[in-house]
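Student: For reference, the chains in residue letters:
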Amino acid sequence: MIASHYVYWMLFAVMLTGLYVVISHANLLKKLIGLSVFQVGVFLFFISLGKVTGGSAPIISPDIQTYSHPLPQVLILTAIVVGVATLAVGLALAVRIARDAAQPASGLTAADDDAGER
Amino acid sequence: MTTFALINVTLLGILLATALAIARMRALYEATMLAALLSLVTATLFVLLDAVDVAFTEAAVGVGISTVLLLGVLALTRSWEAVTSQRRRLPGLLVVVLAGGALVYASQDLPAFGAADSPVQLHPVTDAYLYESQDEVGIPNTVTAVLASYRALDTLGELVVVFTAGLAVLSVLGPLARPEQTRPGADFHLADYRVIRVITRLLLPFILVFALYVLFHGEYGPGGGFQAGVIFATGAVLYGLVFGLDRAQQVIPSWALWLFICLGLLLYLGLGVATMLLGGSFLDYDVLSPGHPETGQHLGILLVEMAIGTTVSAVMAMIFFSFASRGASR
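In order, the protein sequences belong to chains A and B. Quick note: the first sequence uses the working numbering, first residue 506, plus one each step. Quick note: the second sequence uses the working numbering, first residue 9, plus one each step.
Heads up, some of the hints might be wrong.
Some, not all, of what chain A presents toward chain B, calculated at C-beta under 8 angstroms [unchecked claim]:
(1) Ile507
(2) Tyr513
(3) Val526
(4) Leu540
(5) Thr558
(6) Ile565
(7) Ile569
(8) Gln570
(9) Pro575
(10) Val589
(11) Ala593
(12) Ala599
(13) Ala606
Computed footprint of chain A on chain B; a stretch qualifies when at least three of its residues, placed anywhere within it, have a C-beta under 8 angstroms from a C-beta of chain A [claimed, not checked]:
(14) 105 to 115
(15) 131 to 137
Simulated from the structure, these hints should not be mistaken for lab results. Beta carbons: idealized from backbone N, C-alpha and C, even for Gly.
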C-alpha cells in the first residue's frame with residue numbers, strides 16, 4: 506500500500522497545507538499564495554494518475570513503446586494558464602480591498618480588523 | 009525503478025517542506041520566493057511524471073509571471089502579515105484533518121501509482137489519442153494534437169477564461185496609466201546599471217525568438233501556444249522591469265495589446281466559423297484542405313496555436329502593466 510500510494514499521500518499533504526493557509530490566514534496575499542500551493546497539489550495529483558511505470562512523454566517516436574497518458578496533461582496545461590489568470594484577478598481584488606479599506610497603513614489585512622471586532 | 013522512486017520521494021519531500029515553510033512564514037517577500045521555488049520543484053516533478061509540456065508551462069508561468077505579479081502587489085502594500093491567532097488556526101486544522109482523513113480513506117480505491125492497467129490507461133480514448141491520432145492528425149506530440157484538435161472547443165473555453173480574467177483585472181484596477189501620467193523618472197531605473205542594461209538587450213531577442221520557436225515547434229516537441237504566449241510576455245515584463253514602464257508602454261502601446269487580445273480570440277472563433285462554412289462541424293480542420301485531412305489538421309492546429317499565443321501573451325503583458333502602472337502612479 507505504501508509503495509503504491511505514497512505519491513498520492515504526499516500530494517494530499519501538499520494540497521492540505523495550501524487549504525490550511527487559505528482557511529486560517531487573514532492576509533489576502535497569503536491566502537492567494539496558499540491557493541496556489543493547493544492548486545499545485547491538485548495539478549500533480551492529476552498528472553500522477555496518467556503516469557505509467559517505464560513510460561515516456563507522449564510524443565510519438567518509433568523507438569518508444571510505452572507512453573504516459575496525454576489527456577490529464579492537456580487538462581492541466583490549460584489549467585495552469587487559467588490559474589495564473591485567476592490569481593491576477595484575485596490580486597487585483599486584494600489591491601482594491603486594501604485601497605478601499607481607507608487606512609493606508611493597514612495594508613492588505615482588512616479581514617484582520619474584522620476578526621478583532623468580533 | 010528504485011532510482012525513480014528515490015528521486016520522486018526526494019522531490020516530493022522538498023515540495024512538502026516548501027509548502028510547510030510557506031504556511032509558517034510571516035514575511036511575505038520570503039513566502040513569495042518560496043512559492044517560486046515550489047513552482048520550480050513542481051516543474052521538475054512534471055518532467056519526472058512524463059508531462060514535459062506541462063513542466064514547460066509551469067516553469068514559465070509559476071516561476072516567471074505569477075512571481076512577478078505577487079512582487080508587484082507586495083510593492084503596493086506592507087510585506088508582513090499579522091500573527092495568526094489561535095482562534096483562527098483551530099477551525100483550519102480541523103477542516104484539514106477531516107479532509108485529509110477522507111482523502112486517505114478514499115485513496116485506497118485508487119489504482120497503484122504507475123499501473124499500466126488503471127482505468128485511465130484502459131479507457132478506449134487512450135488508443136485514440138496515442139495511436140489513431142497518428143493517422144488522423146499526423147503530428148508526433150499527442151498533447152498538442154489533443155489540445156488543439158480533439159479538444160479544441162475545450163481549449164477555446166480556456167482561452168475565453170484567460171480573456172475574461174484580463175478584462176476583470178483591468179476593470180478592477182482601472183485603465184492603464186498613460187506614459188506621461190506616471191511620474192517621469194520617479195525613482196531609479198534598473199537600466200542605470202550597465203551590466204543589467206546590456207545583458208537585457210542581449211537576452212531580449214533570444215527570448216522572443218525562443219517564444220516563436222516554441223510556438224511553431226509545438227507539433228513536434230514540447231511547446232505550443234500557451235507556453236509561447238507566456239514566454240513572449242516575460243520578454244515584455246523584463247523590458248518593463250529594466251527600462252521602466254514608460255518606455256515599455258511606448259514600445260508596446262496599450263491599443264496594440266487590446267488589438268492582440270481580441271485578434272487571437274477572433275482568429276480562433278473565426279476558424280471555427282470558417283470550418284462550419286466549409287461544410288464541416290465547428291473546429292473540424294479536415295475540411296480546410298479537401299482530400300488531405302492531415303494538411304488541414306496541420307493548418308488548423310498552427311492557426312489555433314497562433315491564436316492562443318497572441319491572446320495569452322497580450323493578456324499577460326496587459327496584467328503586468330496594469331499592476332506595475334498602479335505602483336508607478338501612486
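Student: Next, verify each hint and record whether it holds.
Tutor: Here is what the structure says about each hint:
no.: 1; hint: Ile507; result: violated (11 angstroms)
no.: 2; hint: Tyr513; result: holds (5 angstroms)
no.: 3; hint: Val526; result: holds (5 angstroms)
no.: 4; hint: Leu540; result: violated (11 angstroms)
no.: 5; hint: Thr558; result: holds (4 angstroms)
no.: 6; hint: Ile565; result: holds (5 angstroms)
no.: 7; hint: Ile569; result: violated (10 angstroms)
no.: 8; hint: Gln570; result: violated (11 angstroms)
no.: 9; hint: Pro575; result: holds (4 angstroms)
no.: 10; hint: Val589; result: holds (5 angstroms)
no.: 11; hint: Ala593; result: holds (5 angstroms)
no.: 12; hint: Ala599; result: holds (7 angstroms)
no.: 13; hint: Ala606; result: violated (10 angstroms)
no.: 14; hint: 105 to 115; result: holds (count 5)
no.: 15; hint: 131 to 137; result: holds (count 3)
Hint violations for this structure: numbers 1, 4, 7, 8, 13, all remaining hints satisfied.
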